[in-house]
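With chain A fixed as given, assemble chain B onto it according to the hints.
One letter stands for each residue in the lines below.
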Amino acid sequence: GAGVSQSPSNKVTEKGKDVELRCDPISGHTALYWYRQSLGQGLEFLIYFQGNSAPDKSGLPSDRFSAERTGGSVSTLTIQRTQQEDSAVYLCASSTQTGRSTEAFFGQGTRLTVV
Amino acid sequence: KNQVEQSPQSLIILEGKNCTLQCNYTVSPFSNLRWYKQDTGRGPVSLTIMTFSENTKSNGRYTATLDADTKQSSLHITASQLSDSASYICVVSAGREYGNKLVFGAGTILRVKS
Numbered sequence: 001g002a003g004v005s006q007s008p009s010n011k012v013t014e015k016g017k018d019v020e021l022r023c024d025p026i027s028g029h030t031a032l033y034w035y036r037q038s039l040g041q042g043l044e045f046l047i048y049f050q051g052n053s054a055p056d057k058s059g060l061p062s063d064r065f066s067a068e069r070t071g072g073s074v075s076t077l078t079i080q081r082t083q084q085e086d087s088a089v090y091l092c093a094s095s096t097q098t099g100r101s102t103e104a105f106f107g108q109g110t111r112l113t114v115v
Numbered sequence: 001k002n003q004v005e006q007s008p009q010s011l012i013i014l015e016g017k018n019c020t021l022q023c024n025y026t027v028s029p030f031s032n033l034r035w036y037k038q039d040t041g042r043g044p045v046s047l048t049i050m051t052f053s054e055n056t057k058s059n060g061r062y063t064a065t066l067d068a069d070t071k072q073s074s075l076h077i078t079a080s081q082l083s084d085s086a087s088y089i090c091v092v093s094a095g096r097e098y099g100n101k102l103v104f105g106a107g108t109i110l111r112v113k114s
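First to last, the sequence lines map onto chains A and B.
Residue numbers for the first sequence follow my numbering, so the first one is 1 and each next one is one higher.
Residue numbers for the second sequence follow my numbering, so the first one is 1 and each next one is one higher.
So that you can see chain A by itself, here it is in the shape it has in the complex (with noise of 0.2 Å):
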């Protein structure tokens, strides 16, 4: 597809199960992000890929969160062990990160619920 696509839309999962949460960016798209919002609040960072440099992993905020981008392309958020605090919109959004004119280009997002 054209867009940046996330999978699945909407999740819900028991608290203490792992879920993973899915990100395509843009075909050619060197840079991807994830950030959360959780209802009513503002964009959390997440992750941070950046073609084959080290990601920066410094807004996950425990280590039941972890991500992984294969081959340069698609991105899964895993969190383990789910917990109610977990519940928020999980958004993707890549770039190409060419300098004047950059642009992120968002996902619908995921739709975490945890019950």
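Only pairs whose alpha carbons sit at most 35 Å apart, straight line, appear in this in silico DSBU-like list of lysine-lysine: (1) B/113 <-> B/57; (2) B/57 <-> B/17; (3) A/57 <-> B/71; (4) A/11 <-> B/113; (5) B/57 <-> B/71; (6) A/57 <-> A/15.
Each pair of labels, with its calculated beta carbon distance range: (7) B/82 <-> A/111: 15 to 25 Å; (8) A/51 <-> B/56: 26 to 36 Å; (9) B/16 <-> A/73: 42 to 52 Å; (10) A/53 <-> B/70: 29 to 39 Å; (11) B/40 <-> A/115: 14 to 24 Å; (12) A/71 <-> B/17: 48 to 58 Å; (13) A/54 <-> B/56: 31 to 41 Å; (14) B/46 <-> A/57: 23 to 33 Å.
Over the 12 Å line for every Cβ pair with chain B, so calculated as not near, a few chain A residues: (15) 11; (16) 12; (17) 27; (18) 65; (19) 72.
Keep in mind the hints are simulated off the structure, nothing from the lab.
We treat Cβ as the ideally placed atom computed from N, Cα and C, and that holds for glycine.
Chain B alone, transformed into the frame defined by chain A:
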């Protein structure tokens, strides 16, 4: 540390009124600044882009300003409509030295009431 701070965190206004959202950044060097609009349940979409040399740019009822000296930007919405209810996110692109990394503000949640 490269940061983007937005204010207010949330705002409620009456339909037809104007409002101004603020974005202050410490990102340096600076490449460009974008304002995004995020409708409920959707991903953010770019409204306008400001480069270093631009002071003002309009997109319909939206007018963005940039003061690169004070590292401040604002988004002014004129004659607000119910459809303006959304989250508005300021995103600053760092310079080539930082790989043009994008630094995101937390956003301002705007609610327009009838």
